[in-house]
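Q: Read top to bottom, the protein sequences are chains A and B. Just so you know, we're using my numbering here: the first sequence kicks off at 31 and counts up by one. Just so you know, we're using my numbering here: the second sequence kicks off at 31 and counts up by one.
What the hints contain is simulated information worked out from the structure, not anything from laboratory work. Note that the structure is predicted; figures quoted are calculated from it, not measured. Please note that a few of the clues may not be correct.
All copies of an identical chain are treated as equivalent in the list; a pair is satisfied when it fits inside any one copy or across any two copies.
Stated by the list, open to error - Within a straight-line C-alpha distance of at most 30 Å, the following computed BS3-like cross-link-like pairs (lysine-lysine) qualify: (1) Lys135 / Lys321; (2) Lys143 / Lys39; (3) Lys135 / Lys203; (4) Lys39 / Lys277; (5) Lys321 / Lys143; (6) Lys203 / Lys321; (7) Lys203 / Lys143; (8) Lys203 / Lys277; (9) Lys39 / Lys135.
2 protein chains.
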Amino acid sequence: MNEFELIEKLVSLLGDTTHGGGINVGPGDDAAVLSTGADEQLVVTTDVLIEGTHFPPRSRSDLIGYRAIAVNLSDIAAMGADPRFLTIALTLDRVEEEWVEGFAKGIVFCASKYGVKIVGGNIARGALSVAVTAIGVVPDGQCLLRSTACDGDDIYVTGAIGAASAAVRDGVKIPLLELNELWLRRVDDISCRYFMPVPQLQMGIALRGVASAAIDISDGLVADLGHLIRSSGVGAEIDLSRVPVWKSLDAEIAIEASDDYELLFTAPPQEYEHIVDLAAGVSTEITRIGKVTAGEAVSVSGVVGFADLSRGYSHF
Amino acid sequence: MNEFELIEKLVSLLGDTTHGGGINVGPGDDAAVLSTGADEQLVVTTDVLIEGTHFPPRSRSDLIGYRAIAVNLSDIAAMGADPRFLTIALTLDRVEEEWVEGFAKGIVFCASKYGVKIVGGNIARGALSVAVTAIGVVPDGQCLLRSTACDGDDIYVTGAIGAASAAVRDGVKIPLLELNELWLRRVDDISCRYFMPVPQLQMGIALRGVASAAIDISDGLVADLGHLIRSSGVGAEIDLSRVPVWKSLDAEIAIEASDDYELLFTAPPQEYEHIVDLAAGVSTEITRIGKVTAGEAVSVSGVVGFADLSRGYSHF
Numbered sequence: 031m032n033e034f035e036l037i038e039k040l041v042s043l044l045g046d047t048t049h050g051g052g053i054n055v056g057p058g059d060d061a062a063v064l065s066t067g068a069d070e071q072l073v074v075t076t077d078v079l080i081e082g083t084h085f086p087p088r089s090r091s092d093l094i095g096y097r098a099i100a101v102n103l104s105d106i107a108a109m110g111a112d113p114r115f116l117t118i119a120l121t122l123d124r125v126e127e128e129w130v131e132g133f134a135k136g137i138v139f140c141a142s143k144y145g146v147k148i149v150g151g152n153i154a155r156g157a158l159s160v161a162v163t164a165i166g167v168v169p170d171g172q173c174l175l176r177s178t179a180c181d182g183d184d185i186y187v188t189g190a191i192g193a194a195s196a197a198v199r200d201g202v203k204i205p206l207l208e209l210n211e212l213w214l215r216r217v218d219d220i221s222c223r224y225f226m227p228v229p230q231l232q233m234g235i236a237l238r239g240v241a242s243a244a245i246d247i248s249d250g251l252v253a254d255l256g257h258l259i260r261s262s263g264v265g266a267e268i269d270l271s272r273v274p275v276w277k278s279l280d281a282e283i284a285i286e287a288s289d290d291y292e293l294l295f296t297a298p299p300q301e302y303e304h305i306v307d308l309a310a311g312v313s314t315e316i317t318r319i320g321k322v323t324a325g326e327a328v329s330v331s332g333v334v335g336f337a338d339l340s341r342g343y344s345h346f
Numbered sequence: 031m032n033e034f035e036l037i038e039k040l041v042s043l044l045g046d047t048t049h050g051g052g053i054n055v056g057p058g059d060d061a062a063v064l065s066t067g068a069d070e071q072l073v074v075t076t077d078v079l080i081e082g083t084h085f086p087p088r089s090r091s092d093l094i095g096y097r098a099i100a101v102n103l104s105d106i107a108a109m110g111a112d113p114r115f116l117t118i119a120l121t122l123d124r125v126e127e128e129w130v131e132g133f134a135k136g137i138v139f140c141a142s143k144y145g146v147k148i149v150g151g152n153i154a155r156g157a158l159s160v161a162v163t164a165i166g167v168v169p170d171g172q173c174l175l176r177s178t179a180c181d182g183d184d185i186y187v188t189g190a191i192g193a194a195s196a197a198v199r200d201g202v203k204i205p206l207l208e209l210n211e212l213w214l215r216r217v218d219d220i221s222c223r224y225f226m227p228v229p230q231l232q233m234g235i236a237l238r239g240v241a242s243a244a245i246d247i248s249d250g251l252v253a254d255l256g257h258l259i260r261s262s263g264v265g266a267e268i269d270l271s272r273v274p275v276w277k278s279l280d281a282e283i284a285i286e287a288s289d290d291y292e293l294l295f296t297a298p299p300q301e302y303e304h305i306v307d308l309a310a311g312v313s314t315e316i317t318r319i320g321k322v323t324a325g326e327a328v329s330v331s332g333v334v335g336f337a338d339l340s341r342g343y344s345h346f
């Protein structure tokens, strides 16, 4: 069983506990969407980073903290929500003052940059891992879901693809600079891309009411597009030559690269000019890379294949 | 550094990221209290269970799932909130279908019993652990906090103290019965007390506007009373002979016993009759065990000592 099969199995076993009672969107999207009676909906997501799996052993603790928050904010971005609150559950095998101070510095730095508050957490002894739950808000009914793409929509991606994965392939180098120096390089320096992914929050919010569907690219462009088309019951055609890749990376490798945390979204063709304006308004690069189709397969530059989920990043 | 010192240090390092922006109560209580614009407040808490630390190795996966949810609901109970939503982040080192099915069964069983929904989660490879985030709601301003006890208040506890800890001391026995059989025995059978703690949700809700402060007993009665009086800037006197202990347990041992998940709360003396009625209304045993004082120490039957936090359960 790979991660996606396991999640599917678990969710099916959960039955009625995932429906009703104020749940607008339950398990299966980037985040849950919940009603509590206000004219806003809550958007809630949880993601865990484990040493050796989601970051290299003996990484800088400030970068671990930063990355743990940033990847969760990326899920909030993919919902078009405005992030508000975080809880952080840390397990660590020993308490070293310097490590803890660094970790705190990293989470404060990231939380402050994105205007989100840390409201609670938990600490326990165990193998080093960080579980973050992020809570955001969105006006009623304006969430970007992954299940609502339509035949004929254009497919877009923000930024360029493949940098984080290239960093992993070459062995992630632990940067030596201070956080504020790294922050300035987070988009252009490959050593920062892995630890400081850029959650596309402004773009997500800008796309409310415009995009037909969205997902963040954590597992890889093809894999996450696969999630999106399966959820939406559609197919997709990608033009490989249009995929914006990190520097000189091979596009065929880039479309399977994980950890980019760019936004993949769809919109009706008539929204093109509007989306270009919105992207310019939030200084975000976007590229139209393909079309949603009526089928149920992803084809890349004419090579048709069913979305092969296992080719993206799978957690098992 | 013990767990509490570590948390204090971390929270102090977090600075402004734990204040403002809709946070009514940040880190330091059983759960955070958040405003999102509705006439209800959100109550959010996170707790992690790690194999070997918070449950015995090779425990039944349904009981692990059950316990992970129940302990988080206990924090919601201690806030007087109504639990609504859960996210569950599971890390496990290998995927065994039977294990996963059992785990799902346990979380569904517990979530269904307490009317709470599972809205999302995460799965990753790593040492076995379960991180749960629980979200509840409470009418504006009606949360039970740990920081609002007053000199002269009575101190109460629900149920009886020490069973879970006695089970641990004797070596937790993995029960053999099905979940629904165990559920019927959860209050009276010591082998169930550890895996199926009873979150005092009805009592917590009943105490809105009546109790002056509340906390759940996870670390031990004295330790958690220590948290409460430190938060409130008061002291406490406990009458050892009044502490309701599990069967023939020694009261001196019971007051330091962890994992009971009973509710410890305070209220003005004139509320006594009212509280007896409220407790009867939700079929919950309560016992008045002492008084809040003007000091800053916990005294137990005349033996005065500063609350020694390290004598309760500390996670380091």
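Q: Tell me, please, which holds for Lys203 and Lys143 at an alpha-carbon limit of 30 Å: within, between, both or neither?
A: within (23 Å within a copy, 48 Å between copies)
Q: Is it within a copy, between copies, both, or neither that the alpha carbon of Lys135 lies no farther than 30 Å from that of Lys203?
A: This pair counts as within: shortest intra-copy Cα distance 20 Å, inter-copy 42 Å.
Q: Checking Lys39 and Lys135: alpha-carbon separation at most 30 Å within a copy, between copies, both or neither?
A: between (38 Å within a copy, 12 Å between copies)
Q: First find the shortest C-alpha distance between Lys321 and Lys143 inside one copy, then the shortest across copies, and answer within, between, both or neither for a cut-off of 30 Å.
A: Neither: 34 Å inside a copy, 46 Å across copies.
Q: Please sort Lys203 with Lys321 into within, between, both or neither, judging by C-alpha distance up to 30 Å.
A: Neither. Shortest intra-copy (37 Å) and inter-copy (58 Å) distances fail the 30 Å Cα cut-off.
Q: Have a look at Lys135 and Lys321 and pick one of within, between, both or neither, based on CA distance no larger than 30 Å.
A: neither (43 Å within a copy, 41 Å between copies)
Q: Regarding Lys143 and Lys39, is the shortest C-alpha distance of 30 Å or less found within a copy, between copies, in both, or in neither?
A: Between. Shortest inter-copy distance 22 Å satisfies the 30 Å Cα cut-off; intra-copy 37 Å does not.
Q: How would you classify Lys39 and Lys277 at a CA-CA limit of 30 Å: within, between, both, or neither?
A: Answer is neither: 39 Å inside a copy and 42 Å across each miss the 30 Å cutoff.
Q: I want to check one pair: Lys203 and Lys277. Are their C-alpha atoms no more than 30 Å apart within a copy, between two copies, both, or neither?
A: Classified as within: same-chain Cα gap 18 Å, cross-chain 58 Å, threshold 30 Å.
Comparing the model with each earlier hint shows violations of hints 1, 4, 5 and 6; every other hint is respected.
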